[in-house]
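A.B. asks: One letter stands for each residue in the lines below.
Protein chains: 2
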Amino acid sequence: METIQYNLPQSRIPRAWYNVLADLPKPMAPTLHPGTLQPIGPDDLAPLFPMSLILQEVSTEREIEIPGPVRQVYAQWRPSPLFRARRLEKALDTPAKIYYKYEGASPAGSHKPNTAVAQAYYNKVEGTKRLSTETGAGQWGSSLAMACAFFGLECKVYMVRVSYDQKPYRRALMEAFGASVTASPSTETESGRAILAAHPNTNGSLGIAISEAVEVAAKDPDTKYALGSVLNHVLLHQTVIGQEALEQMALAGDEPDVIVGCTGGGSNFAGLVMPYVGRKIKGQCGARIVAVEPAACPSLTKGQFTYDFGDTGHLTPLVKMHTLGSTFIPPGIHAGGLRYHGMAPLVSHVMDLGLIEATSVQQLDAFAAGIQFARAEGIIPAPEANHAIAEAIHQALMAKEEGKERTILFVLSGHGHFDMQSYIAYQAGKLENYDYPAEEIAMALAGLPAVG
Amino acid sequence: METIQYNLPQSRIPRAWYNVLADLPKPMAPTLHPGTLQPIGPDDLAPLFPMSLILQEVSTEREIEIPGPVRQVYAQWRPSPLFRARRLEKALDTPAKIYYKYEGASPAGSHKPNTAVAQAYYNKVEGTKRLSTETGAGQWGSSLAMACAFFGLECKVYMVRVSYDQKPYRRALMEAFGASVTASPSTETESGRAILAAHPNTNGSLGIAISEAVEVAAKDPDTKYALGSVLNHVLLHQTVIGQEALEQMALAGDEPDVIVGCTGGGSNFAGLVMPYVGRKIKGQCGARIVAVEPAACPSLTKGQFTYDFGDTGHLTPLVKMHTLGSTFIPPGIHAGGLRYHGMAPLVSHVMDLGLIEATSVQQLDAFAAGIQFARAEGIIPAPEANHAIAEAIHQALMAKEEGKERTILFVLSGHGHFDMQSYIAYQAGKLENYDYPAEEIAMALAGLPAVG
Chain D
1 METIQYNLPQ SRIPRAWYNV LADLPKPMAP TLHPGTLQPI GPDDLAPLFP
51 MSLILQEVST EREIEIPGPV RQVYAQWRPS PLFRARRLEK ALDTPAKIYY
101 KYEGASPAGS HKPNTAVAQA YYNKVEGTKR LSTETGAGQW GSSLAMACAF
151 FGLECKVYMV RVSYDQKPYR RALMEAFGAS VTASPSTETE SGRAILAAHP
201 NTNGSLGIAI SEAVEVAAKD PDTKYALGSV LNHVLLHQTV IGQEALEQMA
251 LAGDEPDVIV GCTGGGSNFA GLVMPYVGRK IKGQCGARIV AVEPAACPSL
301 TKGQFTYDFG DTGHLTPLVK MHTLGSTFIP PGIHAGGLRY HGMAPLVSHV
351 MDLGLIEATS VQQLDAFAAG IQFARAEGII PAPEANHAIA EAIHQALMAK
401 EEGKERTILF VLSGHGHFDM QSYIAYQAGK LENYDYPAEE IAMALAGLPA
451 VG
Chain P
1 METIQYNLPQ SRIPRAWYNV LADLPKPMAP TLHPGTLQPI GPDDLAPLFP
51 MSLILQEVST EREIEIPGPV RQVYAQWRPS PLFRARRLEK ALDTPAKIYY
101 KYEGASPAGS HKPNTAVAQA YYNKVEGTKR LSTETGAGQW GSSLAMACAF
151 FGLECKVYMV RVSYDQKPYR RALMEAFGAS VTASPSTETE SGRAILAAHP
201 NTNGSLGIAI SEAVEVAAKD PDTKYALGSV LNHVLLHQTV IGQEALEQMA
251 LAGDEPDVIV GCTGGGSNFA GLVMPYVGRK IKGQCGARIV AVEPAACPSL
301 TKGQFTYDFG DTGHLTPLVK MHTLGSTFIP PGIHAGGLRY HGMAPLVSHV
351 MDLGLIEATS VQQLDAFAAG IQFARAEGII PAPEANHAIA EAIHQALMAK
401 EEGKERTILF VLSGHGHFDM QSYIAYQAGK LENYDYPAEE IAMALAGLPA
451 VG
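In order, the protein sequence lines correspond to chains D and P.
Under the numbering used here, the residues of the first sequence are numbered 1 to 452, in order.
Under the numbering used here, the residues of the second sequence are numbered 1 to 452, in order.
Quick caveat, the hints were computed from the structure, so don't treat them as lab data.
Predicted, not measured: the structure shown is a model, and the values here were computed from it.
Lysine to any residue pairs mimicking SDA-like chemistry, simulated, CA-CA at most 20 Å apart:
#, chain 1, residue 1, chain 2, residue 2
1, P, Lys129, D, Arg375
2, P, Lys97, P, Gly253
3, D, Lys282, D, Glu63
4, D, Lys124, P, Arg87
All chains, full assembly: derive it from the sequences and hints.
C.D. replies: Listed below in structure tokens is the structure:
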């Protein structure tokens, strides 16, 4: 029998998260206070986050120990499986080997619980009663809702309007876990009301929903805010993916030549690749590392690397990142988790250092890849993950064309069980590609704050 | 760290299915030809099934080797995880230990691929071009659609009308795998048209959909029929569940005192319990084995053990089983996979022999148990599986009341990602219990064929 699973026992769940900041050849640009434009200190963030997460945000320790109760919850689905996609390889008739690290086996169906559980844990320990957050596709919201149920916290989710309408079942899942879910922009917050006044029929966006969730946390001492991507501590928690993958690829006796992940805020990509980036810095890894973003929201491939706000309402600190402008509202593509104007500062930084590269994929190509993958591998992928699959298939077909062997590793960030409406639309021919929204992005970039 | 996963490597996928017929103290009653009422031979079934499956149906060999290509596909998700539900135990504050064998980790989300893959394989080997089938909740239809995609077969699914309407995303999944899906009863078949003439607004039922799928297969030499439960060979393929569970419980160092599964046609229950039933026959297992059915469709607890047709249109052979009468159309409960008038003859037989027992659960109690489980364990269960959970929780609470230790093992047959509409309805207070439909069942039983 050919091996297609490379599994590790519960005892091999990593004991520490890997912090690439310890190994960077050049430090990241500091985060700036939105009022003073000076570098912020830990106390500035204390209204929003528990101190342990704030300290992780700026830590340069290489290994940050995973608390026992977090590892205990991880054991529900970690180590996650690494699969060799042998049936897909046969369908493509390629000499390439394709491996995928599958994060959809988590109960919430994606990589997001890796950080949701950690964030809920640290908040619980520091006395938080309630967490507020935003969600795009709903992967993050349902993961945080689950983690809050496990640790006995209340959970308030602002769900981007277009996803709220497209994905009633994702909302139902959050509610089954006991969370309260509101469509964003809402009339519950000042920032929501301001957006609704200017754009009454808006699809919403992650940037807007972040403003609402941050506002709620800032105003209530019992409520903290939780973010599902972008920040250093979030990406840190995801590095269990890459650490396990390193061990599983060794089990398989292979080294990746190309490493691929889809990028919205950057967390599933960073989770897989940062342990490899660390090795690359040390000259121990020669792989190409490729971020794949939607052509409709191309922060890495078309954005500017500069200071911008994390949210549309300009309540968050300023971070240096690849951005399309924080007032840009991306088209309503079905990969809701990729509809974010900026890219994680850490991912942006390693891109700027030449350690990774980026490409973009159109919506229809992403769905075509997803269907091809489902028929070969059985798993129906999340629309976000289809972007990574499209690039993995592209790499495999290039290898075939060139007659070369190639080992491809990608992260399949989640399943698409709650995204079937988008597959219905795709199969009915109702989805479209989006041209690069040049004019809107130019306008949003023109409005960037004059900093840095 | 407390162990909560008891996982086995790919190499421990069972090499043979376990056939309890080899160990039964009394043989099963023969299957009868619907025309002659005489025991049928293999040739009578040849229009519907490939010969290898027909021979498995009557085999009394204890071990039936799993073909290499089937084990190879099993490796996508098998051995499936066995979990200790430690968070649920804490939530219940019970001295009982609760283990669950989780079949929702398969790509189609349930135990059904265990037999779908085997059936697609044998059909492919024997030259079948197309498979026709019925599906209730959609778990079976999507599993067969996936298996057909893997082996290059066409797939035609008759989906029970109430599920077709309630579960558009399950249908979309089947279509993503390339299957053709029709609501049943349909106007495509004689049996469908006959039912529609008599009951124009019917919810449909598994019994009706079976008639349609059988009719299509009987009329086309390139098409065979595939059934997702009830028959011996289907239950046989599911025994990988119980064989793995035996090994995983040994890893955990525990022996179950109570073994629980939900029953519609009986296949996930049989899959878990038949290896234990075999041991019970040999005096090697003292566990109580409990089948849990919906109060609205209680074949084991309220039906007669007698000869009846497998379908409503009376196209199938007659089998001796616990039945509510093949013309009984169950109420539209959301556990669509349990809406079947009869029980697998093998499950009925071991019930008759006193090797297992049965109980029933009301719809609202089942959903309450499912929500409690989701908040503790993170997995949102299929409505069918909620019946098993309700009984497992009941057993754990009884143990608490009695102050006794008790080890409970149940099979969680699938996740509920495609059943969120039923959770929305439940959480909105729109679901109801159903009284035992005494009158309809009495009428259906009065119409039983006078055989046996």
